[in-house]
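Asks: So the chains spell out like this:
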Amino acid sequence: MAVMLEAQGLGYGYPGRAVGRGLDLALGAGEVLCVLGPNGGGKTTLFRTLLGLLEAQAGEVRLQGESLGALPRSEVARRMGYVPQGHVAQFAFTVRDVVLMGRTAHVGLFAAPGAADRAAAERAIEALGIGALAERVLTELSGGERQLAMIARALAQGARLLVLDEPTASLDFGNQVRVLRELRRLAAEGYAVVFSSHDPGQAFLAASRVLLLARGGALRQGAPAEVITAENLRQVYGVEVRIAPLDGTSVCLPVL
Amino acid sequence: MTRRSRAVVYAIAALGLLVLTVLAFGAGRFALSLAELGALAANQLFGAGYEVAPTAETVVLQVRGPRILAALLVGAALAAAGTAYQGMFRNPLVSPDILGVSAGAALGAVLGIFFSQSALVIQLGAFAGGLAAVGLVYAVGANVRRHDPILSLILAGIVLGTLLGAFIALIKYLADPYNQLPAITYWLLGSLAAVAPSDLALAAPFALAGLVPLYLLRWRMNLLSLSDDEARALGVPVGRLRFAVVCAATLMTAAAVAISGIIGWVGLLIPHAARMLVGPEFSRLLPLAMVLGAAFLLAVDTLARTVAPIEVPPGVLTALIGTPFFLWLFVSARRAWQ
Chain A
1 MAVMLEAQGL
11 GYGYPGRAVG
21 RGLDLALGAG
31 EVLCVLGPNG
41 GGKTTLFRTL
51 LGLLEAQAGE
61 VRLQGESLGA
71 LPRSEVARRM
81 GYVPQGHVAQ
91 FAFTVRDVVL
101 MGRTAHVGLF
111 AAPGAADRAA
121 AERAIEALGI
131 GALAERVLTE
141 LSGGERQLAM
151 IARALAQGAR
161 LLVLDEPTAS
171 LDFGNQVRVL
181 RELRRLAAEG
191 YAVVFSSHDP
201 GQAFLAASRV
211 LLLARGGALR
221 QGAPAEVITA
231 ENLRQVYGVE
241 VRIAPLDGTS
251 VCLPVL
Chain B
1 MTRRSRAVVY
11 AIAALGLLVL
21 TVLAFGAGRF
31 ALSLAELGAL
41 AANQLFGAGY
51 EVAPTAETVV
61 LQVRGPRILA
71 ALLVGAALAA
81 AGTAYQGMFR
91 NPLVSPDILG
101 VSAGAALGAV
111 LGIFFSQSAL
121 VIQLGAFAGG
131 LAAVGLVYAV
141 GANVRRHDPI
151 LSLILAGIVL
161 GTLLGAFIAL
171 IKYLADPYNQ
181 LPAITYWLLG
191 SLAAVAPSDL
201 ALAAPFALAG
211 LVPLYLLRWR
221 MNLLSLSDDE
231 ARALGVPVGR
241 LRFAVVCAAT
251 LMTAAAVAIS
261 GIIGWVGLLI
271 PHAARMLVGP
281 EFSRLLPLAM
291 VLGAAFLLAV
301 DTLARTVAPI
311 EVPPGVLTAL
321 IGTPFFLWLF
331 VSARRAWQ
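For the protein sequence lines, the chains are A and B, in the order given.
Residues 1 to 256, numbered by the working numbering, are exactly what the first sequence covers, in order.
Residues 1 to 338, numbered by the working numbering, are exactly what the second sequence covers, in order.
Do not rely on the hints blindly, as some may be mistaken.
Said to hold, decoys possible - Some chain A residues well away from chain B (every beta-carbon gap over 10 Å; in silico):
1) G11
2) A29
3) E60
4) A116
5) E231
Unchecked claim - Here are some of the chain A residues that sit facing chain B, going by a computed Cβ distance under 7 Å:
6) L51
7) L53
8) R73
9) S74
10) A77
11) P84
12) Q90
13) F91
14) A92
15) F93
16) D97
17) A105
18) F110
19) A112
20) F204
21) S208
Worth flagging that the hints you see were computed from the coordinates, not collected in a lab.
C-beta: ideal position from N, C-alpha, C; glycine also.
Could you put the whole structure together from the sequences, leaning on the hints where they help?
Replies: Dropping the structure here:
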């Protein structure tokens, strides 16, 4: 199993203000890592560090065995695709134009995307089953459709590692399920997936591993059944939950 | 919008520009017929030797020619700069006036007029002023930490623009009221009436130097409309790209201001109009915006010199057309300006 993403002794945060430290991580192809944590727990800071948008305060991130800091930006983009939370579009780009932007790292500085790039964008659009939306304007789509378009853009990058920041945030129930199903299907095809969520139940549904962040940088990591326990969630979120087995997996229900 | 309907839009725009240009050559106090224009063109281009009144030749070659060329150049340059600024600042309501470029260029030129310098020095002053203003704004924006970098740039531009406006007001106050003040006021209003071929020859290379990078980066420009994190994650060195585009758009603005003074609204309206027609994708948007900008300013300038016995400053006309259009956009068509 190829290791797609590694972190060793990773400290993340801002100069003079550490958010988390000592994170070790290794994610292989076909694995889905769900990152859970409270608001302000550092999920976004961790993601920005993993993406190389924020400098690591300690340790390092490695992509397919190579240090993130040593790779040029365009090479990082070819290896790791990013789906931001709540993409805000100011202009009415079509889905096809947006997915095509995923090809940036493959297009020369002064060039426009060529036939190969267009074909890659079409494949990504087809892979997400949004061919019917290709000429629609992104800002006019529903939240779920927009999220699928953003995932298609990450696929068009040619990256085998996908990082998604709260991909189900502000989606309705059906679209949440659709996005999770998409993530699991991509993992089955050999992609490595990292996503953050506010719902511990999603880890049981879609993830093979869980990273639980608490304020102050405490970390727990492991299989969903090991990490998502009533005790751990009480510590992190300060609420009572019940974990119950159901159809070979588990569900996580809060107790009011 | 399909490829074919886009092609139709481009074709109509280009044809419209051509018709307008011919009309502009013909219209005016000394009206010229299509036949006269044709004979003149044949003489000039192919040495055909048709008989043409010498006055007609002077009007076309010395008076209207440079003025029409200037309108085309200034309109296209302002529209291109506006398109770039709007995409880059992810804000469809900005224009070349942002970043204090126009104000800086104006101050440079007004200083030149105040010190009774030659036209060449006045123009160079406009270039230097525009570039200095954007350099200052950029330096301020880059050194403000912990703020949205886009917002810092825009605010720095507005603040500097106000300061430059104060300096301009001071110079107007001090200027000789019989000689310099009318010249300054006229220039600040924006006009193409006094354009000489030498002005064009001076400004055109600057405009071209700004256009080339915009054309080369025409597809990559789209990525500046994403958030910085997104664009960087897609492999774009955002800071360097934005710097290159700011420089290019500023060069084009300064070139336009140096020829015509400050003509407002073109850089705001035309990118909107073009975006409504072909969408926001920059490589499709830029050529259309330039054609529409050239056509718009040519139409406005032709009206300015024919509609009344005296010349109306074109800046006044663009504001008369621009304000209602802008309000209409703002109130009714939120979708369209996106």
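Asks: Against each hint, give a clear statement of whether it holds in the structure.
Replies: Hint by hint, here is what the structure shows:
no.: 1; hint: G11; in the structure: holds, 20 Å
no.: 2; hint: A29; in the structure: holds, 20 Å
no.: 3; hint: E60; in the structure: holds, 18 Å
no.: 4; hint: A116; in the structure: holds, 15 Å
no.: 5; hint: E231; in the structure: holds, 35 Å
no.: 6; hint: L51; in the structure: holds, 6 Å
no.: 7; hint: L53; in the structure: holds, 5 Å
no.: 8; hint: R73; in the structure: holds, 5 Å
no.: 9; hint: S74; in the structure: holds, 4 Å
no.: 10; hint: A77; in the structure: holds, 3 Å
no.: 11; hint: P84; in the structure: holds, 5 Å
no.: 12; hint: Q90; in the structure: holds, 5 Å
no.: 13; hint: F91; in the structure: holds, 4 Å
no.: 14; hint: A92; in the structure: holds, 5 Å
no.: 15; hint: F93; in the structure: holds, 6 Å
no.: 16; hint: D97; in the structure: holds, 5 Å
no.: 17; hint: A105; in the structure: holds, 4 Å
no.: 18; hint: F110; in the structure: holds, 4 Å
no.: 19; hint: A112; in the structure: holds, 4 Å
no.: 20; hint: F204; in the structure: violated, 29 Å
no.: 21; hint: S208; in the structure: violated, 24 Å
Violated hints, listed in ascending order, are 20, 21; each of the other numbered hints is respected by the structure.
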